[in-house]
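Visitor: One letter stands for each residue in the lines below.
Number of protein chains: 2
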Amino acid sequence: MRIEKLIEAANRKKLDAIVATSFENVRYLSGVAIHTQHLIPQRLAALIVPVSNADPSFVVCTIEESLIQQESKIRNIIGYHEFKDSPIALIAGVLNDSGLPRGKIGIEMNVFTARQFNELSQYMPNIEIIPVDDVFDQMRMIKDPEEIQFLGKISTVTDNAIRTAYETAKVGDTEIEVLHTLTSILIENGAESLPFLNLGAGKNEVHTHPNAGKYKLSTGDLIGCDVGGRWQGYFSDLARTAVVGKATQHQREVYKNLWEIHEDILSAVRPGVLASDLYWHCYKSFEDRGMKLSLSHIGHSLGLVLHERPILSPAETLALQKGMVLAIEPATRDSSGKYHTEDLIEVTEDGYRLLSRSADWSELLVVG
Amino acid sequence: MRIEKLIEAANRKKLDAIVATSFENVRYLSGVAIHTQHLIPQRLAALIVPVSNADPSFVVCTIEESLIQQESKIRNIIGYHEFKDSPIALIAGVLNDSGLPRGKIGIEMNVFTARQFNELSQYMPNIEIIPVDDVFDQMRMIKDPEEIQFLGKISTVTDNAIRTAYETAKVGDTEIEVLHTLTSILIENGAESLPFLNLGAGKNEVHTHPNAGKYKLSTGDLIGCDVGGRWQGYFSDLARTAVVGKATQHQREVYKNLWEIHEDILSAVRPGVLASDLYWHCYKSFEDRGMKLSLSHIGHSLGLVLHERPILSPAETLALQKGMVLAIEPATRDSSGKYHTEDLIEVTEDGYRLLSRSADWSELLVVG
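Chains A and B are the protein sequences, given in the same order.
Just so you know, the numbering used here puts 282 at position 282 of the first sequence, and the rest follows in order with no gaps.
In the numbering used here, each number is its position in the second sequence, counted from 1, plus 1000.
It should be emphasised that the hints constitute simulated quantities derived from the structure, not laboratory data.
Wrong hints could be hidden among the right ones.
Capping the alpha-carbon separation at 20 angstroms, the derived lysine to any residue pairs in SDA-like fashion look like this [to be verified]: (1) A:K292 with A:P314; (2) A:K322 with A:D137; (3) B:K1203 with B:D1133; (4) B:K1104 with B:P1125; (5) A:K292 with B:K1084; (6) B:K1214 with A:P314; (7) A:K292 with B:I1063; (8) B:K1338 with B:E1287; (9) A:K84 with B:D1133; (10) B:K1084 with A:L318; (11) A:K214 with B:S1184; (12) B:K1292 with A:S66; (13) A:K214 with B:K1084; (14) A:K84 with B:D1055.
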């Protein structure tokens, strides 16, 4: 189904074949999450899809062959021996066998390395290479109902993990102890890896990406996190801010303003709205409260990649569409600390649906 | 110091400048771990080192500027606004300002994407681009004493996490429960992320990269894992095999043979030995026991990258040198399951030093 849609897109671009080499697009087309694609990038895995033939070929390291046989319907598996065979030579072989020594071949130019590009050009001097990153981005941008349900599930698990970690934190606990509670819940809920775990309190909280350490929570500290787990290749990504012991009036007010902005952005979400307009809507919402938006983006889509298009930035050209998911994440900072909120939503026919909220975050949570 | 060494290497190659864009080499040269480099690859960070000037320039997204100001001595920081400015244009600007519009520029061709390569070539049509992946690989290959100590520390933590998870596992526990104990110890010891967590028991144990699930440990099951955490950008990576309840004679024997092979590989480690010869030494060690080595490599170096050179494979051309670290990981499988052991060692003047072992693994561990 996805391969048929890819072939339609390739035909519109008058391509003869598309070669996918990224973790995300190989996963998207084949259903197999080959994690070594992002852990060991030189262990190339490629899916070659000729437009004349909905029966693609899978060039993979022999180490991954059994995984693919088990989890994918793709039967043309061409294994290469790592450090011995060149996977690029095998890709060229498939293209030649498909009668495409002079074909127009779509490649992910943001993923294919300069060396791979040179090597493929040497094996196949007469092909024309066309970038197809946008073809894949636009396919993956509209999520299937199953993907939306799954992203909602792992986002809610993540929100609950953060909430539980905050609610059980006590004055004197270390940042690592809070993170431990949080990661325990992600692991218990089947996360296959924990790719980013930014958490900090007090003076560490203000950093963009703090690492949890031995700092002990103290009354009045802000505590913040921006964390994600990965399940079957899909990311969760949520940021939440709380305060330890008790909040000052100022902290409550800054948070309240940020939350109103957060909700104001959500209220502007519907199909047809430009992603860039959502950014400017947020910009104005900051201004209306006498605040200044200093972020270059206020959110992004996510899925098999942490930051997918549309990016909610002034430069984004895309309009929102039904079936997109968006991580909305305004943030602000002043001398009292950094305040950051994040929710995952689905763009629906007439607005949005929250996917990530396990609890009420409308007021600054006081913990400990 | 590292930058001076890089400039010496660049001079030997008659280069005018080197541009580093990978997480590992930017981290290695600057001391700053910019994790978004691997999480959000389009958010480019580049270190530009002209050979005429040991004062490099850092082109980074404004989001990362405060991190760099705080953690690095590099003062020439050129921030770009994400989605607005082109970081490649800024790199070209630095090269032009350094008087190098026709320079020989070293680039990591295994990291630089085909699109970045094209864009840089358009801005600077008269530069000559030279691959320098090997320059960096060979620099990072010999670890500093501090790196060796650090890799030993995080490897021992990981070994202890596996050992504790195995020793506290009981018949009826799920794979996830065992993984939970393991990851708890990694997080408590300050891991900043957990990039790969392969763990399986019984029928799941045989997969190359199993995901822990709800399968319950049963007497006679093999349990195996291949896991790693990340600290300040550095990886740990260990695989260990145990058995639940009690072992069969056959299981004990296969494990005993594998362990003898493991120790036999270690005994062959010393400076001057070819990495490929270590592979063949292992091959013969399998044969001597009536077994067949079916792996394409039996280990690898690691550090800021999970698989670094030298790779212990027939194709590797490098000889071992003092100061290298090696993950030695023979494995075998038969109808009774998969057996996999792994240790991290340092190559010393006259042999090796174990870096990873927190306990005795010489006999098949019986757990539960």
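Visitor: Now, for every hint given, state plainly whether the structure supports it.
Guide: Results of checking the hints against the structure:
1. Of the pairs offered as hints, the one joining A:K292 and A:P314 holds, with about 15 angstroms between alpha carbons and a cut-off of 20 angstroms not exceeded.
2. Restraint check for A:K322 and A:D137: the C-alpha separation of about 15 angstroms stays at or below 20 angstroms, so the hint holds.
3. Restraint check: the Cα-Cα separation between B:K1203 and B:D1133 comes to about 40 angstroms, which exceeds 20 angstroms; the hinted pair is violated.
4. With a C-alpha separation of about 12 angstroms, the suggested pairing of B:K1104 with B:P1125 holds against the 20 angstroms cut-off.
5. Annotation: proposed proximity of A:K292 to B:K1084 holds, straight-line Cα distance about 19 angstroms (limit 20 angstroms).
6. This hinted pair does not check out: B:K1214 and A:P314 have alpha carbons roughly 45 angstroms apart, beyond 20 angstroms.
7. This hinted pair checks out: A:K292 and B:I1063 have alpha carbons roughly 16 angstroms apart, not beyond 20 angstroms.
8. Of the pairs offered as hints, the one joining B:K1338 and B:E1287 holds, with about 18 angstroms between alpha carbons and a cut-off of 20 angstroms not exceeded.
9. At roughly 19 angstroms between alpha-carbon atoms, A:K84 and B:D1133 fall within 20 angstroms of each other, so this suggested pair holds.
10. Note on B:K1084 and A:L318: the hinted pairing holds, with a Cα-Cα distance of about 15 angstroms set against a maximum of 20 angstroms.
11. A hinted pair counts as satisfied when its Cα atoms are at most 20 angstroms apart, and A:K214 with B:S1184 qualifies at roughly 15 angstroms.
12. Taking the CA atoms of B:K1292 and A:S66, the gap is near 19 angstroms; set against the 20 angstroms cutoff, the hint holds.
13. The hinted pair formed by A:K214 and B:K1084 fails the criterion: a straight-line CA distance of about 38 angstroms is larger than 20 angstroms.
14. Restraint check for A:K84 and B:D1055: the C-alpha separation of about 40 angstroms exceeds 20 angstroms, so the hint is violated.
Hints 3, 6, 13, 14 from the list above are not met by this structure, while the remaining hints are.
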